[in-house]
Amino acid sequence: MARITSAIEFPDDDPAPMLTHLDRWATSTLTDAGSWGSIVERCSVWADYSPRNQVLLASYGIATPVAGAATWEQVPSSEAGRPCAVRAGEHGLPVRVPVPTTVTAQSTRSRSGQRARVPGSMKWERVFAAEQLARRPAVGALAWSPVPEQLTGPGGERELAEMVRQSVGRLTGHTPRRVGDPWERLVEVAGDVPLGRRRPELRPALCRQAAWLALDRLGHAPGPLPGFDPTRVRGRLRWELLADTRRATDQIIGAFSDVLDHDLTVSSLPRMDIADDRTVAKGRQNYLAPADVASLPKGVWVEAGPYTVHEWAARGVPGADGRAGFFRVSDTGYLATYETVEGARWRIESTRTGRRGLLDEGTTDDLESAQRAVCQIVADRYPTLAALIPTEANEPPVRVFAPARDGWQPLADARDGRAQTRQLTDRIQLVVAPGPGGRWENLVITDSQIRQLPLVGDEESAKTAVEDAGRRTALGHAAETPQLADQLIAEAALNGTFARELLADVIGHRLADADASEFADPDIGVARLAELLADTGVVTPPTIVDVLVADGATVDEIATVVPQIGLPIPAAVRTLADRFEVPRVEVGSMLGATVDELQSAGCSPAELLSAHPREVLRSLDARPHTWETAATTMVESGTPTATVIRHLAAHAPTPEAFASGVAMICDRPEVAFAHSARHAHSDDLAALGSIYELEPATTAQLLADAGTHPATAYESLVAACDGDVEAADALSIRHLNLDPTTLDERDVVVDLTTTQGLREALPTPVAASELDLAEQLAALVDRTPLIPLSPTGGNEP
1409 MARITSAIEF PDDDPAPMLT HLDRWATSTL TDAGSWGSIV ERCSVWADYS PRNQVLLASY
1469 GIATPVAGAA TWEQVPSSEA GRPCAVRAGE HGLPVRVPVP TTVTAQSTRS RSGQRARVPG
1529 SMKWERVFAA EQLARRPAVG ALAWSPVPEQ LTGPGGEREL AEMVRQSVGR LTGHTPRRVG
1589 DPWERLVEVA GDVPLGRRRP ELRPALCRQA AWLALDRLGH APGPLPGFDP TRVRGRLRWE
1649 LLADTRRATD QIIGAFSDVL DHDLTVSSLP RMDIADDRTV AKGRQNYLAP ADVASLPKGV
1709 WVEAGPYTVH EWAARGVPGA DGRAGFFRVS DTGYLATYET VEGARWRIES TRTGRRGLLD
1769 EGTTDDLESA QRAVCQIVAD RYPTLAALIP TEANEPPVRV FAPARDGWQP LADARDGRAQ
1829 TRQLTDRIQL VVAPGPGGRW ENLVITDSQI RQLPLVGDEE SAKTAVEDAG RRTALGHAAE
1889 TPQLADQLIA EAALNGTFAR ELLADVIGHR LADADASEFA DPDIGVARLA ELLADTGVVT
1949 PPTIVDVLVA DGATVDEIAT VVPQIGLPIP AAVRTLADRF EVPRVEVGSM LGATVDELQS
2009 AGCSPAELLS AHPREVLRSL DARPHTWETA ATTMVESGTP TATVIRHLAA HAPTPEAFAS
2069 GVAMICDRPE VAFAHSARHA HSDDLAALGS IYELEPATTA QLLADAGTHP ATAYESLVAA
2129 CDGDVEAADA LSIRHLNLDP TTLDERDVVV DLTTTQGLRE ALPTPVAASE LDLAEQLAAL
2189 VDRTPLIPLS PTGGNEP
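Going by my numbering, the sequence shown opens with residue 1409, and the numbers climb by one from there.
Because the hints were derived from the structure by calculation, they are not lab data.
Some hints here could point you the wrong way.
Unchecked claim - DEER-style ranges, computed between Cβ atoms: (1) Gly1561 with Val2133: 37 to 43 Å; (2) Glu1539 with Lys1706: 53 to 59 Å; (3) Glu1417 with Gly1604: 25 to 31 Å; (4) Pro1584 with Ser1436: 39 to 45 Å; (5) Glu1539 with Arg1723: 43 to 49 Å; (6) Gln1558 with Pro1491: 34 to 40 Å.
Nothing here was measured: the structure is a model prediction, and the numbers come from that model.
Using N, Cα and C, we set each Cβ at its ideal position, and we do this for glycine too.
With the sequences and hints as input, model every part of the structure.
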């Protein structure tokens, strides 16, 4: 018999019927703590759905996994050799799913006009629960993702605490040094999880439930589910609170998944793959996506790079280091060559199914020989492609004006020894030779076709005339071939022969007439010129930068258009720093580069610490030697000692790391305590005294001299005395003039930098004038202990 006998319909454009359905269900079902707990636990079955959909599925009265009819057909059933099938007469259960739409990306780090698929509108889709199947899934066919072994074996509690500590950092943006009880910390964090616009903070009882559900997914739930009585809220608020609880739970479990690098919410059902031609499918060995191959011209080598080994790895090409070349031979097949540390390698790849995308590969000494080798192999193996593939006799084009071929050389086997030749490009050869009547002949040889120019009077005139004709021919070739156009423009920008007319001749035909005419506008801005070059689709980002430099743009102007042209930030930092002789850190600041990007750009550790101390220090490990090196590097880069110690106090992961770093840059303990007193924790100060091998009495005196907060100073003394409270009390009375029994009742140090501190210090001003008020404040300062100046002098605190 069918379980869902009548269709459940909700309109796409009106949410009112769905809301009414949920209101009635919540009012009639969520009537006590028991029913609430049952529903909130049941929603874990649909953890791969959104919280709102989880509530919807629960309202339909089901309790098993759901999927579309086509997905159930991929699941083996209890009947051998037959898949699961939906029972006749069953009606699907509607869930809300997004409809992807194509939009134009406007990110500051992507080229303008880039297309992307993002969720647009929403629609209803039908799913079926396992209760609605005529053939149920086989035993073991539906299995949730297992919990990692390190959380279930010996030492699981310790691993759980460390995982919770890192998860708290992902959820809040601040990773604590320690978490204490993971349960209590998760309850606290659950209240800080963002629930969406106009949603209130999660109630304490629901925070406990969210934390319990998250730990239950790992098998570490503490006892039974905490209770919550929903009768005090109305129907709609009941299911909204239920969705909020599930949303907080899902975000905590998502943080667990990120830390463990193991998806804990993956569905137990197979999911249909959606082919995306902009990405390489998992398991394939070809490096280019189908969309990338489709954008390549046929029969032409297209060069990319140079990129570092890390930049190539980020693009999915491991081992490459330098330039690369791609040659498309068919709709799906292409040749690829990459420079490596040892030399170069070639690959024959295809985006079609079969052999997982890699047909053959090999290695050579350099990129040019790799291109010739792979072309010869393809020409021999696939005769139908021989006419398209350049062979050894017609080597693949690598550069328009190859440096090794620049300059005139004697013409071999010439009748007159004065005859000379120049290989202008891979397709163009120039020849000058003595002619009749004392004049000189000049020839342009293009693809074995000889064109003779008029005779001239001397050798220099012949070379000038034939070079001009050869370059005009090269311009025509470049206008037809994207790779040649890019290389020709780049070399003109680098050798000082660049002019706007070159852009109009080589790539102007790729733009609308109105846009191409802007190349001649002397008032065109840097942003507009970069936009036009990018819109041609043939000028690479490095070449655009070269053109802007040759056109007279400043480093600040070019930095503003780097995201627009699509140049990777590390490459932009290197290029602009080298071209304008500006420090890489300064260029990175203009571009808003992150620490990883600056590191990829070649910045030294000292430069990284100087530019982004917080980010770099947060990424360091807990070894004391690491923090000694970091502190020394910061001081050597010009950072004041007081500033370095403040950074160490804020970011050192352990007291030992903090103390080691401070001791490395500060020989005098009194100076170290003076700089550390107001910023370091009590355990840090205790470790500082230990590393200087100070007696507890000396430590107490230094804490007093530095004006340490009484509570911090007392806790430091307790730690310095190895937990001997009586000894710490005696030192506190003797050196700090402080009775520990009245510690919480006294405010020895008043923070005058805050409004609250001033209000507490001057509760009721009775002054009749500003002068009287100033005198009261001065009297307050006189009787308030202040932190002394640094013994080293200067402006450091």
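### Task
For the range 53 to 59 Å, tell me whether the beta carbons of Glu1539 and Lys1706 fit it or not.
At 55 Å between Cβs, range holds.
### Message
Quick check: does the Cβ-Cβ distance between Gly1561 and Val2133 fall within 37 to 43 Å?
### Response
39 Å, holds
### Task
Take the C-beta atom of Gln1558 and the C-beta atom of Pro1491, compute their distance, and say whether it sits inside 34 to 40 Å.
Between Gln1558 and Pro1491, where Cβ atoms are some 36 Å apart, the hint holds.
### Task
Could you tell me whether the CB distance from Pro1584 to Ser1436 stays inside 39 to 45 Å?
With a Cβ separation near 43 Å, Pro1584 and Ser1436 satisfy 39 to 45 Å, so the hint holds.
#### Entry: Cβ distance range 43 to 49 Å for Glu1539 and Arg1723, holds or violated
47 Å, holds
### Task
For Glu1417 and Gly1604, compare the CB-CB distance with the range 25 to 31 Å and indicate the outcome.
27 Å, holds
Of the hints listed earlier, there is not a single one the structure fails to meet.
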